[in-house]
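Peer 1: Chains as they are written, first to last, in this note's numbering: chain A, 1 to 221; chain B, 222 to 491; chain C, 492 to 594.
One thing to keep in mind: the hints can contain errors.
Not everything, but these chain A residues come out facing chain B in the computed CB check (under 8 Å) [stated by the list, open to error]: (1) 98; (2) 150; (3) 153; (4) 192; (5) 215.
Cross-link-like lysine-lysine pairs, in silico, BS3-like; alpha carbons within 30 Å at most [as the list claims (entries may be wrong)]: (6) 342(B) <-> 558(C); (7) 545(C) <-> 523(C); (8) 279(B) <-> 523(C); (9) 558(C) <-> 122(A); (10) 178(A) <-> 90(A); (11) 586(C) <-> 567(C); (12) 365(B) <-> 574(C); (13) 56(A) <-> 71(A); (14) 342(B) <-> 122(A); (15) 349(B) <-> 56(A); (16) 300(B) <-> 317(B); (17) 350(B) <-> 549(C); (18) 490(B) <-> 368(B); (19) 279(B) <-> 490(B); (20) 586(C) <-> 56(A); (21) 317(B) <-> 116(A); (22) 370(B) <-> 350(B).
Some chain B residues near chain A, calculated using beta-carbon distances under 8 Å [what the hints assert, rightly or not]: (23) 252; (24) 438; (25) 452; (26) 455.
In case anyone wonders, no lab produced these hints; they're calculated from the structure. Keep in mind that this is a model prediction, so the values were computed, not measured. By construction, the Cβ of each residue, glycine as well, lies at the ideal position given by its N, Cα and C atoms.
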Amino acid sequence: MMTFKKKTTVVLSLLAAMTAGSVLAAPPALPKDGSWGSGAGDANFDTMMQSGFQSKGIATTERLKQDPTQKLCSNPTTIYSAKNTALREKLQGENEASIKYPSNGNWLGNWKNGEKIAQSGKGLTWSDKAGEANGGNCYNCHQITKEELAYGTIGPSLYNYGKLRGNSEETIRYTWGKIFNAKATNICSLMPRAGAMGVLNEDQIRDLMALLLDPESPVNK
Amino acid sequence: MRAPHIKASLFVVIALAFSVSSQAQQDSTSAGIEAYREALQDGNPADLYVDSGAEIWKKKAGPKEASLEKCDLGLGPGKVKGAYAQLPRYFKDTNKVQDLESRLLTCMEKLQGVDTTEIVKAAFSSPKKADLVALSAYISAESKGMKVKVSLAHPKERQMYDLGRRLFYYEAGPYDFACATCHGQDGKRIRLQDLPYIPSAEGAAKGWTTWPAYRVSSGQMWSMQWRINDCFRQQRFPEPIYASDVTVAISSFMAGNSNGSVMQTPGIKR
Amino acid sequence: MANPMKIRATNKDGITEIKILMNHEMETGQRKDASGNLIPAWFINEVNVDLNGKSVLKAEWGPSVSKNPYMAFKVKGGKAGDKVVCTWTDNKGDKRTDEATVS
Numbered sequence: 001m002m003t004f005k006k007k008t009t010v011v012l013s014l015l016a017a018m019t020a021g022s023v024l025a026a027p028p029a030l031p032k033d034g035s036w037g038s039g040a041g042d043a044n045f046d047t048m049m050q051s052g053f054q055s056k057g058i059a060t061t062e063r064l065k066q067d068p069t070q071k072l073c074s075n076p077t078t079i080y081s082a083k084n085t086a087l088r089e090k091l092q093g094e095n096e097a098s099i100k101y102p103s104n105g106n107w108l109g110n111w112k113n114g115e116k117i118a119q120s121g122k123g124l125t126w127s128d129k130a131g132e133a134n135g136g137n138c139y140n141c142h143q144i145t146k147e148e149l150a151y152g153t154i155g156p157s158l159y160n161y162g163k164l165r166g167n168s169e170e171t172i173r174y175t176w177g178k179i180f181n182a183k184a185t186n187i188c189s190l191m192p193r194a195g196a197m198g199v200l201n202e203d204q205i206r207d208l209m210a211l212l213l214d215p216e217s218p219v220n221k
Numbered sequence: 222m223r224a225p226h227i228k229a230s231l232f233v234v235i236a237l238a239f240s241v242s243s244q245a246q247q248d249s250t251s252a253g254i255e256a257y258r259e260a261l262q263d264g265n266p267a268d269l270y271v272d273s274g275a276e277i278w279k280k281k282a283g284p285k286e287a288s289l290e291k292c293d294l295g296l297g298p299g300k301v302k303g304a305y306a307q308l309p310r311y312f313k314d315t316n317k318v319q320d321l322e323s324r325l326l327t328c329m330e331k332l333q334g335v336d337t338t339e340i341v342k343a344a345f346s347s348p349k350k351a352d353l354v355a356l357s358a359y360i361s362a363e364s365k366g367m368k369v370k371v372s373l374a375h376p377k378e379r380q381m382y383d384l385g386r387r388l389f390y391y392e393a394g395p396y397d398f399a400c401a402t403c404h405g406q407d408g409k410r411i412r413l414q415d416l417p418y419i420p421s422a423e424g425a426a427k428g429w430t431t432w433p434a435y436r437v438s439s440g441q442m443w444s445m446q447w448r449i450n451d452c453f454r455q456q457r458f459p460e461p462i463y464a465s466d467v468t469v470a471i472s473s474f475m476a477g478n479s480n481g482s483v484m485q486t487p488g489i490k491r
Numbered sequence: 492m493a494n495p496m497k498i499r500a501t502n503k504d505g506i507t508e509i510k511i512l513m514n515h516e517m518e519t520g521q522r523k524d525a526s527g528n529l530i531p532a533w534f535i536n537e538v539n540v541d542l543n544g545k546s547v548l549k550a551e552w553g554p555s556v557s558k559n560p561y562m563a564f565k566v567k568g569g570k571a572g573d574k575v576v577c578t579w580t581d582n583k584g585d586k587r588t589d590e591a592t593v594s
């Protein structure tokens, strides 16, 4: 017992020493009622947005119009409030309904293409041209193969994705749904809705599926 | 009674060991990048733009053949030292909150008689914007080592901050991206680029105190307006208008969160 | 003359450290512009640094040196007050000389 107490003291004083360095004042807290401050109500905010952006290339000001899911997820204070429980369920259902499963019954494509799609961040910016194939942006947020060291950590690692989960019908269907519309299973997921928003087409999703689930894919080696 | 305590400490030790070894490969890549970034700090080409900006500040230009030396950046006409650390701020003569580049446009119009319409529309990499970029480098350098002291006391300053905060969380476009998508979590990175958590003081300071910066990968000097512009591009948003309230609001949010941190501008980035 | 470079030189314990930041586009000649045309090669190909009138560094550079080259090196000897003179020449024949005092 004596030994344990000494350890606790050491750990506690170490923690205190580590946290002592911070001297910056904490920023103003968000209002608890979900508002944004007296000067940042809808009228003022909308005026700022309308006068502050211009269409450029394929990125038009139409993009600023939010759908209900984006609107819900834009207020960190109220997303998970009790008041919004019904709304969250409704929107999650709508996102789920948007998922289009493979039209030809094929769920897996070519993992080599999938790796290229995962590596590419191209598409949909105002400096991209209309009609060119979009990339999946996947490595920006996820670890995928073991070989690629330049990966992001905004999303969980997908290394060994198929090896860990197997390839049951349920897993395949779930994975397709995640790529098509991640918000169907997590309403304010940070992951773009690649299928539902038309970023990637069915063939591209098939190739990403293969990257994750094909036993021959480097992801599962 | 002893056994559970020993088990608990053993578990902690094993958990720590596991997390350290699985981090090892990732850390060696990040460590290498970190070492490269540190080596970059010496001999920052931004210094070349600082010198150029200092000359432009003194150069007579525009229909009124006047220099910018009487420009009031918030500390009185012509006072450059320390001004950047206190921007954005409310200005009585224009009755609005302005960041550095917005204020420079005001001075170019009022002191030099320049019509800034074409400058506002011009691409950042074009010669028309070059003077503003160099001036940003120079004026930010004159606040190096000074503490960020951005006031939110004036109602319009607080309003600009609040509008910027609301915009920070605003999801839109085909990717549902908001600034918060990348900058709204602590300890994350995009590819190998660490992402500061901007709603926190430390995170906001990481970004706010190091731009304007020279970007080695593109060989370009970027002002803060340029940095914000390219963020919106990658968010798949439409383009923010140069020096619009949208851009000043986002800067007010970042600067307001950074109060007390030390300016290290101009910075150097990968 | 081309754009000025920045030279800093300090002396400590008998070693002079010289740091030079040069202002130059350093085009490799392999990049293409927006229309697809090759941007002509334009880079510093010769550098000379004198310390107190004596050449202490001569360099021959090629297109692999990147834009706005930064160079730092140490020389045995020298003292505070000595003059550092750097001259570069590029493949178009343009030249630039700047100097600084060792502190």
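Peer 1: Now tell me, hint by hint, if it's right for this structure.
Peer 2: Checked hints:
1. About 13 Å separates the beta-carbon of residue 98(A) from the nearest beta-carbon of chain B, more than 8 Å, and the hint is not met.
2. The interface hint given for residue 150(A) holds, since its Cβ lies 5 Å from the closest Cβ of chain B, which is under the 8 Å cut-off.
3. Below 8 Å, beta-carbon pairs count as interface contacts, and residue 153(A) has one with chain B at about 5 Å; its hint therefore holds.
4. For the restraint placing residue 192(A) at the interface with chain B, the shortest Cβ-Cβ distance is roughly 4 Å, inside the 8 Å limit, so the hint holds.
5. Against a cut-off of 8 Å between C-beta atoms, the interface hint on residue 215(A) is violated, since the closest Cβ of chain B lies about 24 Å away.
6. Taken as a hint, the residue 342(B) and residue 558(C) pair is honoured in the structure, with Cα atoms around 28 Å apart against an allowance of 30 Å.
7. Distance restraint check for residue 545(C) and residue 523(C): the Cα-Cα separation of roughly 41 Å exceeds the 30 Å cut-off, and the hinted pair is therefore not satisfied.
8. Restraint check for residue 279(B) and residue 523(C): not satisfied, since their Cα atoms lie roughly 36 Å apart, outside the 30 Å limit.
9. For the proposed pair residue 558(C) and residue 122(A), the alpha carbon gap of about 26 Å is at most 30 Å, so the pair holds.
10. A threshold of 30 Å between alpha carbons decides the hint, and for residue 178(A) with residue 90(A) the separation of about 18 Å falls inside it, so the pair holds.
11. Distance hint between residue 586(C) and residue 567(C) is fulfilled; the C-alpha atoms sit about 28 Å from each other, no more than 30 Å.
12. Proximity of residue 365(B) to residue 574(C) is assessed by CA-CA distance (about 29 Å); at most 30 Å being required, the pair is judged to hold.
13. With a C-alpha separation of about 23 Å, the suggested pair residue 56(A) and residue 71(A) falls inside the 30 Å cut-off, and the hint holds.
14. This hinted pair checks out: residue 342(B) and residue 122(A) have alpha carbons roughly 25 Å apart, not beyond 30 Å.
15. For the hint linking residue 349(B) to residue 56(A), the alpha-carbon distance of about 19 Å falls within 30 Å, and the restraint holds.
16. Our distance criterion of 30 Å between C-alpha atoms is met by residue 300(B) and residue 317(B), whose separation comes to about 20 Å.
17. About 37 Å separates the Cα atoms of residue 350(B) and residue 549(C), which puts this hinted pair outside 30 Å; it is violated.
18. Of the pairs offered as hints, the one joining residue 490(B) and residue 368(B) holds, with about 21 Å between alpha carbons and a cut-off of 30 Å not exceeded.
19. Distance hint between residue 279(B) and residue 490(B) is fulfilled; the C-alpha atoms sit about 28 Å from each other, no more than 30 Å.
20. For the given pair, residue 586(C) sits about 42 Å from residue 56(A) by alpha-carbon distance, which is inconsistent with the 30 Å threshold.
21. Using a Cα cut-off of 30 Å, the hinted pair residue 317(B) and residue 116(A) is violated, with the two alpha carbons roughly 48 Å apart.
22. About 27 Å separates the Cα atoms of residue 370(B) and residue 350(B), which keeps this hinted pair within 30 Å; it holds.
23. At its closest, the beta carbon of residue 252(B) sits 12 Å from a beta carbon of chain A; the interface hint therefore is violated under the 8 Å criterion.
24. At its closest, the beta carbon of residue 438(B) sits 13 Å from a beta carbon of chain A; the interface hint therefore is violated under the 8 Å criterion.
25. With a cut of 8 Å, the hint placing residue 452(B) at the interface with chain A is violated, because the nearest CB-to-CB distance is about 11 Å.
26. The interface hint given for residue 455(B) is met, as the beta carbon of that residue sits about 6 Å from the closest beta carbon of chain A, less than 8 Å.
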